[in-house]
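Engineer: Protein chains in written order, with this note's numbering: chain A, 1 to 159; chain B, 1 to 181; chain C, 1 to 664.
To be clear, the hints were calculated from the coordinates, so they are not data collected in a lab.
Where a beta carbon is used, it is the ideal one built from N, C-alpha and C, also for glycine.
Fair warning: there could be bad hints in the mix.
As the list claims (entries may be wrong) - Covered stretches of chain B, as calculated for chain C (at least 3 residues, CB under 8 Å):
1) 15 to 27
2) 30 to 41
To be verified - Derived BS3-like pairs: lysine-lysine, alpha-carbon spacing no greater than 30 Å straight-line:
3) Lys-39(B) - Lys-154(B)
4) Lys-267(C) - Lys-423(C)
5) Lys-69(A) - Lys-23(B)
6) Lys-78(A) - Lys-59(B)
7) Lys-520(C) - Lys-2(B)
8) Lys-30(B) - Lys-154(B)
9) Lys-78(A) - Lys-520(C)
10) Lys-30(B) - Lys-382(C)
11) Lys-414(C) - Lys-23(B)
12) Lys-134(A) - Lys-423(C)
13) Lys-341(C) - Lys-134(A)
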Amino acid sequence: MMIKNHLVRFILALFFLQITLTSAQEAQPLRENNAVEAQVQRLSEELRCLVCQNQTLADSHAGLAEDLKQEIREMANKGMSDQAIIDYLVARYGDFVRYRPPLNATTYLLWLGPFVLLIGGVAGLFLMLRRRQKVQVDTTLSEEEVRRVEAILASDKES
Amino acid sequence: MKPWQRALIPLVLFLVVAGFLFKGLFLNPKEIPSPLLGKPAPAFSLPRLDNAEIQFSPKEMLGQVWLLNAWASWCPSCVDEHPVLVAFSKANIAPVVGLDYKDTQADAQRWLDKGGNPYVVTVMDTDGRVGIDYGVYGVPETYVIDKKGMIAYKQTGPVTEEALRDTIIPLVKKLQSEVNQ
Amino acid sequence: MIPEIGHFSLILALLVALLLGSLPIIGAARGNAAWMSLAKPLSRVQFLLIGFAFVCLAYAFATKDYSVLYVASNSNSKLPLAFRIAAVWGGHEGSLLLWALILSIWTVAVSLFSKHLPDDMRARILGVMGIISVGFLLFMLMVSNPFERLIPAAIDGRDLNPLLQDPGMIFHPPMLYMGYVGFSVAFAFAIAALLGGQLDAAWARWSRPWTTLAWVFLTLGIMAGSNWAYYELGWGGWWFWDAVENASFMPWLVGTALIHSLAVTEKRGSFKAWTVLLAICAFSLSLLGTFLVRSGVLTSVHAFATDPRRGVFILAFLIVVIGGSLALFAWRAPTVGRGGKFDVVSRESFLLANNVLLAVAATSVLLGTLYPLFVDALGYGKISVGPPYFDAVFAPLMAPALFLMGIGPIARWKEAPLPELAKRLRWALGISIALAIILPMMLGNFTPWIGFGLFLAFWVLATSVELIYQRLRLSNLPLLASIRSNSRSWWGMVIAHLGIAVFTFGVTIVKGYESEIAVKMAPGEVAHLAGYDFTFDGVREVQGPNYEASIGQIHVSKNGVLRTILEPQKRFYTVTNMPMTEAGISPHLIHDLYASLGEPLENGAWSVRIYHKPLVEWIWFGCLMMGFGGILALTDKRYRVKNRNKSIEHLDSKVTAVTSEVKA
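Produce the complete structure using the sequences and hints provided.
Structural biologist: See the structure below:
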């Protein structure tokens with residue numbers, strides 16, 4: 001059964017391939033304006049689908065997501081900038097709709113925190129290593145201790 | 001900082017995070033607050049359900065305190081809230097305008113005929129654009145709009161009797177007692 | 001009857017876990033050999049009991065027993081058997097049982113492979129794992145019983161979510177849990193060491209293989225999830241920074257730091273307190289992940305159905321386990337000694353820098369994941385933190401770590417003079433910069449991000465090549481012999497690092513050079529992308545076991561030569577009424593050709609999206625290499641049980657004796 005299917009598919013493919021070589025009909029793009037579509041796609045990846053469980057507008061097929069993408073498309077067709085379109089949606093739904101949080105007093109910790117931590121961590125490591133070097137003394141065993149160690153290891157040979 | 005104080009930092013940080021997690025158990029991460037509170041209700045002009053030739057606009061409600069209820073015949077939660085709204089409209093506290101979201105005239109009329117009509121007027125937002133202007137993301141949603149046409153409150157989800165009793169009716173009464181300048 | 005037996009088995013398991021979590025630990029504190037020796041048998045009995053309960057639940061699924069609520073919610077009579085079994089862990093209650101089962105597997109494994117450990121240490125380790133087991137069993141029995149009955153029984157089940165009806169479901173959760181839960185072993189080792197006051201290099205050596213094994217599983221588990229999303233979700237994405245994905249990634253980052261930190265502690269006896277803290281954090285992040293998925297605190301595509309009672313229970317458990325372990329750490333860690341001396345620039349310090357970078361990266365992911373909660377809890381409204389944030393923050397943080405990956409293995413222990421390092425690395429640096437500029441030019445598009453990503457990937461590759469070359473050349477042996485003369489542990493490291501280079505190549509190239517088109521295709525029409533011709537042959541309707549599918553056929557040719565056939569599907573699952581897309585993918589080492597069906601249009605035409613994704617398979621191939629490197633390191637001869645003879649074990653305990661003598 002599977003071989004037959006494969007064979008059928010292969011023959012079908014060759015058939016259409018032959019047609020392609022002779023009289024191929026070009027598939028039309030789904031949407032006309034490439035630049036506008038690129039803008040819609042770019043913005044859809046930045047904006048949240050409000051009725052989904054954590055998905056971008058780009059990833060979602062929900063009704064509201066499709067409606068919002070259509071609104072964005074119309075705004076893009078009118079030549080509105082990315083920021084203007086985002087502002088339009090934020091005016092209606094709040095900052096929640098943005099997956100890239102704005103930089104304001106509420107989000108300073110979010111945006112700057114990681115880099116402050118990075119610099120702090122590296123600096124802290126460096127200072128600690130330096131301090132450690134000054135404090136650290138190579139621990140060497142005293143004569144007495146060496147004798148004790150040898151005694152313990154020697155007892156191993158006997159067993 | 002002494003070693004023992006440094007060693008306590010992880011524990012302290014964890015307890016702070018745990019505190020937030022505890023608080024988080026009682027929040028709803030999917031409920032979005034409306035950025036339109038205190039702002040003018042967005043203008044629109046939509047055909048009425050009872051007569052598609054006539055357009056309705058919120059301007060007609062200036063000078064009164066009123067409710068705008070976004071609903072749809074395909075929405076299950078709207079069924080729950082419907083009797084509550086019908087009872088509210090019978091109490092004659094404030095008029096309710098229905099915004100029929102992404103629906104057809106036939107379905108909407110049938111739904112109102114079956115459950116009762118709490119609305120002084122229902123408008124058809126067939127493509128959902130007005131809904132987007134109001135920040136509707138899932139019906140039902142209800143707005144309390146004051147005499148000056150500013151949005152005073154938004155109820156996300158069905159209007160329950162508790163919501164009416166504890167929040168909406170007191171707010172409406174307060175707004176109604178305000179003198180229009 | 002069987003579900004009740006399974007339920008009873010869990011109750012017995014809880015009792016056993018209570019004993020396991022108490023007696024051996026108390027015995028270790030008091031030097032009571034009898035109580036300590038209970039740990040091994042109790043571990044085995046616990047495993048048998050939980051295993052039996054798991055089999056009972058699987059049986060209920062296999063026999064379509066819809067009188068069990070959990071089975072009725074996650075299964076259906078049309079669901080094929082393989083998915084019915086996988087559905088055991090498809091929902092909240094069953095996945096908890098899987099958690100408990102895997103924990104009991106790790107516990108029994110530790111009890112089997114711990115002959116070389118001192119008795120009190122083994123008792124404490126198994127005891128700590130027992131305590132964790134108590135938490136999960138109690139949680140299940142109190143608020144998440146998988147065996148709860150549905151009376152009257154349902155006529156048929158509600159079916160497993162179609163997104164989960166895939167071979168990925170069979171591998172991804174068990175693999176991931178083996179990783180997550182596996183970090184409990186490192187955690188238990190750390191707690192046992194803190195309790196016993198024996199925090200030394202030997203402890204690091206003992207816990208290293210367990211940590212590496214858990215890390216390997218977690219790496220492969222995350223890889224499986226990413227690959228599954230790629231071919232299942234229909235638009236070629238493979239990582240979304242979703243809360244639950246982050247919940248698995250954070251333990252991975254900290255676990256990677258832990259593996260490197262254990263190397264320092266084992267070699268030089270240094271930074272023991274920091275290593276212990278990492279071990280505690282890695283598992284704590286696993287537990288935190290468990291909380292986030294099930295409590296409803298964050299929105300996620302992966303989240304199980306939520307219930308505030310469950311959230312409160314898990315949070316209480318977290319506070320007891322994590323709070324308790326951090327309190328123990330705060331008490332015991334300051335008394336731990338310092339360890340060997342090393343320079344500011346040395347392999348130790350490079351490894352520690354790696355730790356700092358990975359810890360900062362993990363903290364940033366945690367910050368981004370929890371930030372919406374922080375903001376909401378403080379009353380500042382609702383914000384969303386998503387992929388744009390994480391992409392912007394994470395990549396710059398990891399870049400230095402990638403750069404150090406080239407330097408660390410070349411640096412010497414104790415001291416690594418900078419001039420010497422610079423001399424060895426300048427060739428690699430030059431080549432990396434050059435290739436990072438030339439390759440994008442050849443591919444037709446150069447941007448700073450592409451250049452930077454390629455530079456880091458080439459850098460890791462070049463420095464690894466340099467490392468291998470020098471090692472093999474230095475030995476003066478014939479090639480095969482000199483390869484063997486380097487330990488598997490070393491080769492494992494090299495391969496794992498190369499895996500990261502391969503991964504970085506994949507990510508950089510696919511993000512920089514992927515292309516897509518969205519077209520309307522009627523049968524016979526052809527679209528063009530990346531030099532290939534895609535011809536739509538139409539769609540055929542097929543009836544699956546529990547779905548109806550429209551299977552499209554697109555044949556792909558280049559210059560008139562048929563290359564491959566793509567079969568994207570649009571399925572409609574009849575029980576849940578859910579539509580699903582299955583992408584048609586032709587994977588290759590150099591690129592993937594990827595097609596997905598959109599909507600049917602008039603005249604038999606369909607909207608189709610076609611993608612060309614260069615080097616995308618390198619992303620998962622790199623992860624496989626990392627996993628392989630880890631496994632190779634695990635089979636290093638120092639860990640092989642057969643090689644261990646009496647004198648070595650004796651030497652181990654002698655070393656411990658000597659160390660404590662010297663300390664005294």
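Engineer: Could you check the structure against the hints above and give me the numbers of any it violates, in ascending order?
Structural biologist: 5, 7, 11
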